[in-house]
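Both chains are sitting in their own frames, so use the hints and assemble them into the complex.
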Amino acid sequence: MMFTTEMVQLFGVALGRDSQRLTEALLREGCMQFVKTSEYESKSPDGASADQDRLAEVSELRKRIEGFLHTAGIIPSVPEDADINNRVSVDIKKEDNLLNQIAAQREGVRDKQRVIHQEILKLEDIKRQMELYGRDFSDLKLASKSALISMQIGKLPASNLKQLENGLKDFLSFSAAVAIDGDMAHRFLISMKRDKSEINKVLAKAGWSEVELSNQMHSVNKNVFEEISTKLEKLSVEQKELETKAKNIIKSEVERLQATWVNLWVSELFNRIQINFEPSSRTIVFTGWLPVSRKAQLTKVITEACQGHCYLEFNGAGSKTTIGDGVPVQLKNPKFLEPFQMLVSNFGIPKYGTIDPTAFVMPVYLSMFGLMFADIGQGLVLVMLGFLSAYSLRNNQQKRGMYNLSWLIVWCGFSSVVFGGLFGSFFGMTIFKPIWFDFHGVVAGHSSGSSMIKDVYSILAITIYFGIMVITLGLLFNWVNMIRSRKWSELFFDKGGIFGGWIYGGGTYIAFYYVLHGYKMFPGGNVLFLLVGVPSILLFIKEPYHFFKHRQPGEKFGPIMIMNFLMCWVVELLEIFSGYLSNTLSFMRVAGLGIAHVCLMMSFFSLAEMTSGIGSIAILVLGNILVIGLEGLTAGIQALRLSYYEFFTKFFHGTGELYTPISLNSKN
Amino acid sequence: MAGALSKYSFINAKLRGRISKILPDELFHELAKSHGLEEALAALRDTSFADLEEVYSSTGDIKQAELELLKDEIEIYRDVRKYLSGSSAELIEALLYQFEVDNLKNAIRLYFDRKIRKRSIDAGVHYVLYDRIIHDIPIDIIVNADSFDEIVGVCEGTPYCQIIKKYYHTVESRGSLYRMEIAFDHFYYDNLIKCINKLDKKDRDIAVRLTGVEIDLQNINWIIRLKSFYGLGLDEVMATIVPGGLNLKKDMIGQLYSAHNVEYILQGLIKTKYPGLSALLGSETSDNVSRLLLIRQMLQGITKHEVQKILAGYPFTIGIIFSYFILKQEELKKIRMILNAKQYGIEQERIESMI
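Chains as they are written, first to last, in my numbering: chain V, 1 to 668; chain G, 1001 to 1355.
A hint or two may mislead.
Said to hold, decoys possible - Below 30 Å or equal to it, Euclidean Cα-Cα: the simulated DSSO-like pairs (lysine-lysine) are:
| # | chain 1 | residue 1 | chain 2 | residue 2 |
| --- | --- | --- | --- | --- |
| 1 | V | Lys205 | G | Lys1115 |
| 2 | G | Lys1304 | G | Lys1063 |
| 3 | G | Lys1334 | V | Lys667 |
| 4 | V | Lys155 | V | Lys196 |
| 5 | V | Lys112 | G | Lys1333 |
| 6 | V | Lys231 | G | Lys1063 |
| 7 | V | Lys196 | G | Lys1105 |
| 8 | V | Lys193 | G | Lys1033 |
| 9 | G | Lys1014 | V | Lys399 |
| 10 | V | Lys196 | G | Lys1033 |
| 11 | V | Lys240 | G | Lys1071 |
| 12 | V | Lys245 | G | Lys1033 |
| 13 | G | Lys1021 | V | Lys63 |
| 14 | V | Lys112 | G | Lys1118 |
| 15 | G | Lys1166 | V | Lys196 |
| 16 | G | Lys1304 | V | Lys36 |
| 17 | V | Lys196 | G | Lys1063 |
| 18 | G | Lys1118 | V | Lys399 |
| 19 | V | Lys63 | G | Lys1328 |
| 20 | G | Lys1063 | V | Lys63 |
| 21 | G | Lys1105 | G | Lys1115 |
| 22 | V | Lys112 | G | Lys1033 |
| 23 | V | Lys193 | G | Lys1118 |
| 24 | V | Lys193 | G | Lys1166 |
| 25 | G | Lys1198 | G | Lys1166 |
| 26 | V | Lys93 | V | Lys245 |
| 27 | V | Lys196 | G | Lys1118 |
Derived by calculation from the structure, the hints in this document are not laboratory data.
The following block holds chain G by itself, in its conformation from the complex (with noise of 0.2 Å):
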C-alpha cells in the first residue's frame, strides 16, 4: 500500500487539482447557443483554451486551431508520464501511441487518396504531424510516397511495419483501407492490455474495467460504421472486432449487428449491471443506425459511471489517471465537435443532442 501511496498520491493530487478545471456541462450548452465559430471561441476567452481564439483570429483556420489542440492533448500525455515510472510509465506511453496509430493512420489515408484514388491532398497535408511522437516515422516521405513498398521501408523499425506489410496489398486489392485501420487499432489496444497485465493487480483491475468500456465503445462505432457504410456478413465483422470488451462480448456484438432483440440485450445489459443509468432506457429509436448510437451514448453513460466510481474510491491507483484521461478526451471531442458545428452552421438542437 506505501508503494501506491508514494507512486499515486502527487500525481493523483495534481490530476484532481485538473479534473476540477474541466468545462461544465452549461459551458458547452452555452457555446452550442453562441451565434457562429467566433462566438463560440470567444466564450472559452476564460478557460484554458483561449489560445485557440487567438490562434483562430491570426490565421482564420479552424483546422490549425484543432491540430494545436491535439499538440496540446498529447502534451498532457507526455507530462502526466513524466510523475511516473514503471509499469505505470509504461501505460502512459502505451497510451501515447493512439496518437501516434491516428496521425500514421491520418498520413496514409493522404497517401491512399493521393495516390489510389487520384484526389489532391494538398489541402490536407498542413494538417498532420510531423513531429515525433514515440517514433521516429517520417510523415512526409509516407504523404509523398510512391507506393506501400516505400512506407514499408520507412516504417521498418516501428511496429507498424508488419501491419502495412501484411495488410497493404488488400488495400490495394479493395479499394479500402478499414482493414488496415482495424489492424492498427488491434495493435493498439493489444499493446495497452499487454501493459495493463504488468500493473499490480488492484491497478490491472481498474484498468481492465475502464479499457473495457473503451473497447466496447470502439467496436460499437466500427459496427455503426460497417453497418452503415460497407454491408458486411457478420463472420467479417466478428473479424474486426476488437478483444477485451467489458460489457459487450463476441455474441452480444453479434446480436447487435444482426439487431435482433436490441432493447431485451440493451435491458438486460443496463439493469443487471448498471441500474443506477435505467433512465437511458426511456429512449425509443426507430432504425437500427439509430439504436446503435443510443447503445453508444449508453456506453457513454457506462464510460461516466465508471469515472465517478473511481473518482469516489480510493484515491492512490491508476484509476485517477485513466478518469482524467477520459474526462480530458470527452472534453476535448466536445470542443472539437462544437466548433466544427459551429464552422458548418449545424442548429443548435442538433449541436445539443449530440454533446
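Isolated chain V (complex conformation) (with noise of 0.2 Å):
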C-alpha cells in the first residue's frame, strides 16, 4: 500500500503447437502487461502486418455492434462465465452484412420518420400562424391583412376529395371537413398566401367553388385549432412508435448482436495477446510484466497449458536481464481509499518502486478541508449529498470518476463533522462545548475555551505547524524514494534532498526561535552556522561533483566554470529559501478560508437578527445553502491544490506508467 506493487518480468519460451491454449491461459489469468520483444519483429513483417489487419477488422466490427447495442440502451460486457476455451470463429463479412441489413433497416424507418416530422413541422407552422392571426371560423374575418395564410370555406364533388388532398400535398396548408350536403362536400382550406396562385390552380382543377359561410355552418363552429392539435398529438404518437420501431429492430437482434459481440471482444484480446508473441519455426517467444503476488499461479497455469514444455524465466525490475523500458505501475489500495487514488492519479503515476501517496493524501487533505470547513451540520448535508450521489451512480461504470467524487465528498463531510465536534459548530451555531476551541469564538474576539488558542494569530500558526508537518513528510518521502532507487547524489543535493531537508529545518527552528524571543532575537552565530551555513556550504559541492562525474572529453575546468558554480549556488540557495518559505506561509490560506467560513456564517446570523420570523429562518438556510456550495467547494480545490502544490512536488514524480495487464475486463 506504502509503495507501487512490486512487479516482475516474465521471459517465455513455448511451442508454436500451444499457441492457442497458452493464448486462453494468459487471457484467463489477465495480469500480463506485455512487452513486445523487438528484436525478434524483422523475421516476419508479413505475418505481423496480416495479423494487425485481422486485428483492425475485428476491432471495426466490434465497434460497430457496440454503437447499435448503445442505441438500444445496452452497454455491452464479457459475463463472468465466458467460455473462451470453445470461441465461435465470427465471419466478419457476413456479420458486417447482417449490420448493413439492420442499418438499412432502420434507415427506412428513418425516411418515415423523415416524412412525419415534415408534417409536424407544417403543422406546428400552420399552428403558429393560426395563433397569431385567430384560432377557428369566428376568426376568419378578423385574420388582418397582414396575416401570411389564408383561410377559405369552399365546396367541391366529394369525388374530388382525393384529388384535393393529393394536389395539396405539396404546400403548407391544412384542410377539414365541414359538412356534406349530397354529392357536394364542404369544406375548410388554410394555406400560406404565398401559395396562392398554386394552391388556386389545384382548387380550380378539384372543382372547387368559394361559398359564404351560412348560419348553419356557423353552428358547426368546428375549432380548426384544436383539429390540428389533435392532428399533431396524433402525429407525434405515430413518431413515437417509428422511434420505438427503430429501436426494436436492434433489440430483436440483441441476443446475437451481444455474443458476436463478446466473441469478436475475445478474438481482438486473443490477438492483441497474440500480437505480442514472437515466432520462430517451432517456437514463441512472449515476455511481460506481472505482479509478484500473480508469479507462482501464472507459471501453473501456463506450465498446464503448455503440458510442461515451457521455459519460463522471471526478472525482477531493475535487473539487466529484462526486456523494455520502464516497469508498469500497480496502485494496489483498499476500497475505501479509491476516491484519494483518483486525486492522486489526477496528478500523475508515481514511478515504479516510489513511494503511492494515496493512504496519506487521505489524512492530510481531509485534515485541510476539515480546517477549512468545520461544522457538523453542514458537514452532515455533505454526507447526505454524497451517499445519495454515490448511490445513484453505483451501477454506472461509465461514470466512476463521478462515483469516486460522490465517496470523496461523503469523506469531507465526515472531517467536517469531526472538526465541527472540534470547533463546536453546528450550521454556525455554538450549541455544545467545543471538544477543542471555540473557532467562532477566537474569529468573535471571545475566549476560545482553550489556553493556548488566544486569537486569529494562534489560528493561523496551527496552519503553519501543518504545514511544516506536511512538507516534512514530503521531504521524507522524498529520500525514501531516492534511497530506494539510489540515487545518492539527488539524495544529498537535490533541493528536497538532506541538505535543502536540514536547510528547512534550521530556518523553521530559527524562525520559531525568533517568534518565541518577542521578534526580537535570533539563535547564536554558531548555532547559526550550524543550522543553515553548513549545508548551505555543503550544497556548494552539488554542481563542482555534476561537472566532474559527467564531464565531456574536452571539457575544460576554468575560471568561468567557477563563475557558473558560484551563479548556480547562489540561485540554488535563493530558491530553496524562497521556496519552503512560500510553501510553508501557503498553509495560512487554510486558517484564511476557516475565518472566511465561520465570518460568513456571522454575517448571515447578524442578517438573520435583523429581520424575524420566516424572513429570519429564509435568511439562514439561504445562507447555509451559499456556504455549503461556495466554501465547501472552495475548500476542496484548495486542500486539492495545497496537496499536489506543497506536498507532491516535494517526494512526486508523477512519470510512471500504469499497469493495464489485457484481460476480459481490459478496457475498449
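This is the structure:
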C-alpha cells in the first residue's frame, strides 16, 4: 500500500503448437502487460502485418456492434462465465452484412419518421400562424391583411376529395371537412398566402368553389385549431412508435449481436495477446510484466497449458536482463481509498518503486478540508448529498469518476463533522461545548475556551505547524524514494534532498526561536552557522560534483566554470530559501478560509437578526446553502491545491505508466 | 495590465477548460470511417454532441439536428458575452452578427427562390431561425413577402434595411443574390473592424491578425465561387473583396484570380511569414480551382498556427476568446460536414480529405 506493487518480468518460450492454449491461459489469468520483444520483429513482417489487419477488422466490427447496442440502451460486457475455450469463429463479412441489413431497415424507418416530421413541422407552422392571426371560423374575418395564412371555405364534388388532398400535399396547408351536402363536400382550407396562385390552380382542378359561411355552417363552428392540435398529437404518437420500432429492430437482434460482440471482443483480446508473441519456426517467445503475487499462479497455468513444454524466466524490476524501458505501476489500495487514489492519479502515476501517497493523502486532504470547513450540520449535509450521489451512480461504470467524487464528498462531510465537533459548530451555531476550542468565539473576539488559542494569529499558527508537518513528510518521502532508487547525489543535493531539508529544518527552528523571543533575538552565530551555513556550504559541492562526474571529453575546467558554479549555487540557495518559505506560508490559506467560513456564517446570523419569523429562517437556510456550495467547493479546491503543489512536488514524479494487463475486463 | 487580468482571468480559465473538450482529430477520422449517418451520430454519444443522436432518432431529420446545433452555437457566443463588458462585450456582439446576417441571407434566399425563381420553398422554411438573434427581424414576413419593398419595410430600423434597399434592384435585374450577399458580408466585417478598433492596443493587434486571416479565407471562398460559377471580370471581383485581410492583399488576390504565378505567390507567403507551414507546399495541383482550394487549406493552416501561438502566449487577452470561437467553429464545421457527407453516402476517403 505504501509503495507501488512489486512487479516481475516474465520471459517465456513455448512451442508454437501450444499457442492457442497458452493465449487462453494468459487471457483467463489477465495479469500480463506485454512487452514487444522487438529484436525478433523483423523476422516475419508479412505475418505481423496480416495479424494487425485482422485485428483492425475485428476491432472495427466490434465497435460497430457496440454502437448498435448502445442505441438500444445496452452496454455490452463479457459475462463472468464466458467460455473462452470454445470460441465461435466470427465471419466478419457475414456479420457486416447483417449490420448493413439492420442499418438499412432502420434507415427505412427513419425515412418514414422524416416524412412525419415534415408533416409535424407543417402543422406546427400553420398552428403558429393561427395563433398569431385567429384560431377558428369565428376568427376568419379577423385575420388581418398582414396575416400570412389564408383561410377559406368551399365546396367541391365529394368524388374529387382525393384529388384535392393529393394536390395540396406539396404545400403548407391544412384542410378539414365541414359538412356534406348531397354529393358536395364542404371543406375548410388553410394555406399560405405565398402559395395562393399554385393552390388556386389545384382548387380549380378539383372543382372547388368558394362559399359564404351560412348560419347553419356557423353553428358547426368547429375548432380547427383543436383539430390541428389533435392531428399533431396523433403524428407525435406515430413518430414515437416509429422511434420505438427503430429501436426494436436492434432489440430483436440483441442476443445475436451481444453474442457476436463477446466473440469479437475475446478474439480481439486473443489477437492483442498473440501480436506480442514472436514466432520462430517451432517456438514462440513472449514477455511481459505481472505483479510478483501472481507469479506462482501464472507459472502453474502456463505450464499446464503447454503440458510442461515451456521455458519461463522471471526477472525482477531493475534487473539488467529485463526487456524494454520502464516498469508498469500497479496501485494497490483498499477500496475505501479509491476517491483519494483518484486524486493521486489526476496528478500523475508514481514512478515504479516509489511511494504511493494515496494513504497519506487521505488524512492530509481531509484535515485541511476539515480545518477550512468545520461544521457538524453542514458536514452532515455533505455526507447525505455524497451518499445520495454515490447511490445513484453505483451501477454506472461509465461514470466511475463521478462515483468516486461522490465518496470523496462523503469523506469530506465526515471530516467537517469531526472538526465541527472540535470547534463546536452546528450550522454556524455554538450549541454545545467545543472539544478543542471555540473557532467562532476566536473570530468574534471572545474567549476560545482553550488557553493555547487566544486569537486568529493562534489559528494561523496551527496551520503553519500543519504545513511544516506536511512539507517535512514530503521531504522524508523524497529521501525514501531516493534511497530506494539509489540516487545518492540527488539524496543529498536536490532541493528536496538532505541538505535542502537541513536548511528547512534549521530555518524553521530559527523562525520559532525568533518568534518565541518576542521578535527580538536570533539564535547564536554558531547555531546559525550549524543550522543554515553548513548545509548551504555543502550544497556548493553539487555543481562541481556533477561537472567532474559527467564531464564530456574536451570539456575544460577554468575560471568561468568556477563563476558558473557560484552562480548556480547562489540561485539554488535563493530558490531553497524563498521556495520553502512560500510553501510553508501557503498553508495559512487553510486558516484564512476557515476564518472566512466563520465570518460568512456570522454575517448571515447578523442579517437574520435584523428580521424575524420566516424571513430570518429563510436567510439562515439560504446562507447555509450558499456556504455549503461555495465554501465547500473552495475548501475542496484549496485542499487539493495544497496537496498537489506543497506536498506532492517534494517527492512525487508522476512519470509512471499505469499497469494495464490484457484481460477480459480490459477497457475497450 | 491589472485591467486585462480582471477582465479576462475568469473567461480565460473557463474557455481553456472548454477548449480542452473540443473533439480531437482522431474522433473525426473515426466519424469519417463510420458506416452511415446513424453510426456517426452514435460515435458522438460520449461527447457534448450526444443530443444530435437524440434529435435524429426522434425525427429522422438531420437538418433538424443541424438547426439545434446552430442554436447551440449562438448560445455559446451569448454565454461568453455574459462574462465580458465594455469594448470586449461589444466585439462579441459584433461576432454574433454573423448568425443574424446568415439567417437573414437564408430568409432572403427563400424569398428569392419563391418569388423570382418560382420554386417551392416549403421544404426549406422550417430550417430558418425565427427567434431573435440581435434585432427583431420578422423572418416569417421576409420569407412570405410579396416584394423586396415589403422586406425593406419590415427591416426598417435594422442595419440591413439600407443594404437591401440599395441592392434589390440589382438582384432583380441580374437574377442573382450575390451582390446583396457580398454587401451583407462587407457590413459584417466593417462592423467587426469598427469594434476591434475600440479595443486596447494589445487586444486590437491580436483581433486584427485573427480577423485578417478569417477575411483572407472569406475572400478566397468568394474567389473560388466567382471563378467556378460566375466568370466575372477582375474589376468586379476586386469590388467584392472584403478589406482587412492579413496576408492576401488586393494585388495578390488579383494575381490569384488571374492564376498568374500562384505557386510563386504561395511560396513567398509561406516562406516569409509562416516557415513552419512549409510542408503545405509539397502538394501539387493541376487546375486553378484546385490551387485555390489548396490556398484555402493553407489559410486554414495559418489560422491554426495563429491560434496555437495565442494559446501558448500571454493568456489575458481577447485572443483566448477568438481562439475558442475559431476552434469551436472549426469543430462544428467538421461535424456538419461529416454528418451531411454521411447522409449523402460520400466515401470515407473524400470525407477524410476534407477534414
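Hint-by-hint comparison with the structure:
Between the alpha carbons of Lys205/V and Lys1115/G the distance comes to roughly 23 Å, so the proposed pair stays at or under 30 Å and holds. For the hint pairing Lys1304/G with Lys1063/G, the CA-to-CA distance comes to about 28 Å; that is within 30 Å, so the pair holds. Restraint check for Lys1334/G and Lys667/V: the C-alpha separation of about 28 Å stays at or below 30 Å, so the hint holds. Among the hinted pairs, Lys155/V with Lys196/V is consistent with the structure: their alpha-carbon atoms are about 18 Å apart, no more than 30 Å.
Taking the CA atoms of Lys112/V and Lys1333/G, the gap is near 28 Å; set against the 30 Å cutoff, the hint holds. For the proposed pair Lys231/V and Lys1063/G, the alpha carbon gap of about 23 Å is at most 30 Å, so the pair holds. For the suggested pair Lys196/V and Lys1105/G, the alpha carbons sit about 24 Å apart, so the restraint of at most 30 Å is met. Between Lys193/V and Lys1033/G the CA atoms are separated by roughly 46 Å; this puts the pair beyond 30 Å, and the hint is violated.
A distance of roughly 23 Å separates the Cα atoms of Lys1014/G and Lys399/V; the hinted pair therefore holds under the 30 Å criterion. Restraint check for Lys196/V and Lys1033/G: not satisfied, since their Cα atoms lie roughly 47 Å apart, outside the 30 Å limit. This hinted pair checks out: Lys240/V and Lys1071/G have alpha carbons roughly 24 Å apart, not beyond 30 Å. Restraint check for Lys245/V and Lys1033/G: satisfied, since their Cα atoms lie roughly 26 Å apart, inside the 30 Å limit.
Using a Cα cut-off of 30 Å, the hinted pair Lys1021/G and Lys63/V holds, with the two alpha carbons roughly 22 Å apart. Distance hint between Lys112/V and Lys1118/G is fulfilled; the C-alpha atoms sit about 28 Å from each other, no more than 30 Å. Proposed proximity of Lys1166/G and Lys196/V is supported: the alpha carbons are some 29 Å apart, at most 30 Å. Distance hint between Lys1304/G and Lys36/V is unfulfilled; the C-alpha atoms sit about 37 Å from each other, more than 30 Å.
Straight-line distance between C-alpha atoms of Lys196/V and Lys1063/G comes to about 27 Å, which keeps the hinted pair within the 30 Å bound. Straight-line distance between C-alpha atoms of Lys1118/G and Lys399/V comes to about 54 Å, which puts the hinted pair past the 30 Å bound. Only pairs whose Cα atoms come within 30 Å are accepted, and Lys63/V paired with Lys1328/G is accepted, the gap being roughly 27 Å. Taking the CA atoms of Lys1063/G and Lys63/V, the gap is about 26 Å. The hint holds against a cut of 30 Å.
Our distance criterion of 30 Å between C-alpha atoms is met by Lys1105/G and Lys1115/G, whose separation comes to about 15 Å. Pair hint Lys112/V plus Lys1033/G holds up; C-alpha atoms about 26 Å apart against a cutoff of 30 Å. With a CA separation close to 14 Å, the supplied pair Lys193/V and Lys1118/G stays within the 30 Å bound. Of the supplied pair hints, the one linking Lys193/V and Lys1166/G holds, its CA atoms being roughly 27 Å apart against a limit of 30 Å.
A distance of roughly 28 Å separates the Cα atoms of Lys1198/G and Lys1166/G; the hinted pair therefore holds under the 30 Å criterion. This hinted pair checks out: Lys93/V and Lys245/V have alpha carbons roughly 26 Å apart, not beyond 30 Å. Only pairs whose Cα atoms come within 30 Å are accepted, and Lys196/V paired with Lys1118/G is accepted, the gap being roughly 13 Å.
The structure shown violates the earlier hints numbered 8, 10, 16 and 18.
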